[in-house]
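K.L.:
Sequence:
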Amino acid sequence: MSEPVNIEKTSGYVLKPDQLRIFFTDHLSRIFCAKSHLFERLPELADEAHFKDLKQAVLETWEDIGKQIARIEEIFTLLDEAPSLRNCEELIVFIESGFSGIYHKKENLELRDLSILFYLSVIESVELSSFKLLQMAAVKLPDKRIQQLLKENFDESKADRSLFVLIAARYVN
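In the working numbering, the protein residues as written are 10 to 182.
These are computed hints drawn from the structure, not numbers from a lab.
Heads up, some of the hints might be wrong.
Derived EDC-like pairs: lysine to aspartate or glutamate, alpha-carbon spacing no greater than 16 angstroms straight-line [stated by the list, open to error]:
| # | residue 1 | residue 2 |
| --- | --- | --- |
| 1 | Lys160 | Glu57 |
| 2 | Lys167 | Glu72 |
| 3 | Lys115 | Asp56 |
| 4 | Lys61 | Glu98 |
| 5 | Lys114 | Asp73 |
| 6 | Lys149 | Glu57 |
| 7 | Lys76 | Glu57 |
| 8 | Lys64 | Asp27 |
| 9 | Lys115 | Glu53 |
| 10 | Lys141 | Glu161 |
| 11 | Lys153 | Glu83 |
Quick list of simulated restraints, FRET-style, between CB atoms [said to hold, decoys possible]:
| # | residue 1 | residue 2 | range |
| --- | --- | --- | --- |
| 12 | His59 | Phe32 | 22 to 30 angstroms |
| 13 | Asp164 | Lys61 | 34 to 42 angstroms |
| 14 | Gly110 | Asp164 | 46 to 54 angstroms |
| 15 | Ala178 | Asp152 | 16 to 24 angstroms |
| 16 | Lys61 | Tyr22 | 31 to 39 angstroms |
| 17 | His36 | Asn182 | 23 to 31 angstroms |
| 18 | Phe127 | Ala79 | 41 to 49 angstroms |
| 19 | Asp152 | Lys25 | 15 to 23 angstroms |
All values derive from a computational prediction rather than experimental measurement.
Think of the CB as a built atom: it goes at the ideal place given N, C-alpha and C, for glycine as much as any other residue.
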């Protein structure tokens, strides 16, 4: 029989409530910034998609992002805060570099569509990780509705990413 495993904290440091709130609002603002930028750019990306299913998936994701932005705004309202668009230049550059990579494939429709799928899958993966971490932090926030709103955004992003993977499999197989 094995001995019970003694799991110790790797660090005795726990964020104070004000530090947690700063972390939470800063990172939620970054996601808000990325989502807002994507919301502006995705219709253009849908126009570039050749495969009908991909075009539809991009437009569905655009609709989902609109709902996610509204939920993020609701979270900020619950926190009596406003989203900040400061310090999100790196995210904009990251998003735009994906767009430029897609445009370099403009002449080859299949490669362009695969590039769109790759790019959107990467973006959704980053957002999933971010929403998951924010969900963990939200447990310590006083308003439990925040957790639910984050869960809804997480679930939607996860479904969007799964759809992109499914469509990519059609191209590859």
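K.L.:
Take the hints in turn and mark each one as holding or not.
P.N.:
How the hints compare with the structure:
Of the pairs offered as hints, the one joining Lys160 and Glu57 is violated, with about 31 angstroms between alpha carbons and a cut-off of 16 angstroms exceeded. Using a Cα cut-off of 16 angstroms, the hinted pair Lys167 and Glu72 holds, with the two alpha carbons roughly 15 angstroms apart. Only pairs whose Cα atoms come within 16 angstroms are accepted, and Lys115 paired with Asp56 is accepted, the gap being roughly 12 angstroms. A hinted pair counts as satisfied when its Cα atoms are at most 16 angstroms apart, and Lys61 with Glu98 does not qualify at roughly 32 angstroms.
About 26 angstroms separates the Cα atoms of Lys114 and Asp73, which puts this hinted pair outside 16 angstroms; it is violated. Only pairs whose Cα atoms come within 16 angstroms are accepted, and Lys149 paired with Glu57 is rejected, the gap being roughly 43 angstroms. Proximity of Lys76 to Glu57 is assessed by CA-CA distance (about 23 angstroms); at most 16 angstroms being required, the pair is judged violated. Proposed proximity of Lys64 and Asp27 is contradicted: the alpha carbons are some 43 angstroms apart, above 16 angstroms.
Restraint check: the Cα-Cα separation between Lys115 and Glu53 comes to about 13 angstroms, which is no more than 16 angstroms; the hinted pair holds. With a C-alpha separation of about 11 angstroms, the suggested pairing of Lys141 with Glu161 holds against the 16 angstroms cut-off. Simply put, Lys153 and Glu83 have alpha-carbon atoms about 13 angstroms apart, close enough for the 16 angstroms limit, and the pair holds. Distance hint for His59 and Phe32: a CB-CB separation of about 41 angstroms, inconsistent with the stated range 22 to 30 angstroms.
For the pair Asp164 and Lys61, the beta carbons lie near 26 angstroms from each other, so the given range of 34 to 42 angstroms is not met. At roughly 28 angstroms, the beta-carbon separation of Gly110 and Asp164 lies outside the given 46 to 54 angstroms, and the hint is violated. One distance hint, 16 to 24 angstroms for the beta-carbon pair Ala178 and Asp152, is violated here, with the actual separation near 40 angstroms. Here the CB-CB span from Lys61 to Tyr22 is close to 52 angstroms, at odds with the stated 31 to 39 angstroms.
The supplied range of 23 to 31 angstroms is broken by His36 and Asn182, whose beta-carbon atoms lie about 37 angstroms from each other. The beta-carbon spacing between Phe127 and Ala79, approximately 28 angstroms, falls outside the hinted interval of 41 to 49 angstroms. Between Asp152 and Lys25 the CB atoms are about 18 angstroms apart, so this pair conforms to the stated range of 15 to 23 angstroms.
Of the hints listed earlier, those the structure fails to meet are numbers 1, 4, 5, 6, 7, 8, 12, 13, 14, 15, 16, 17, 18, in rising order.
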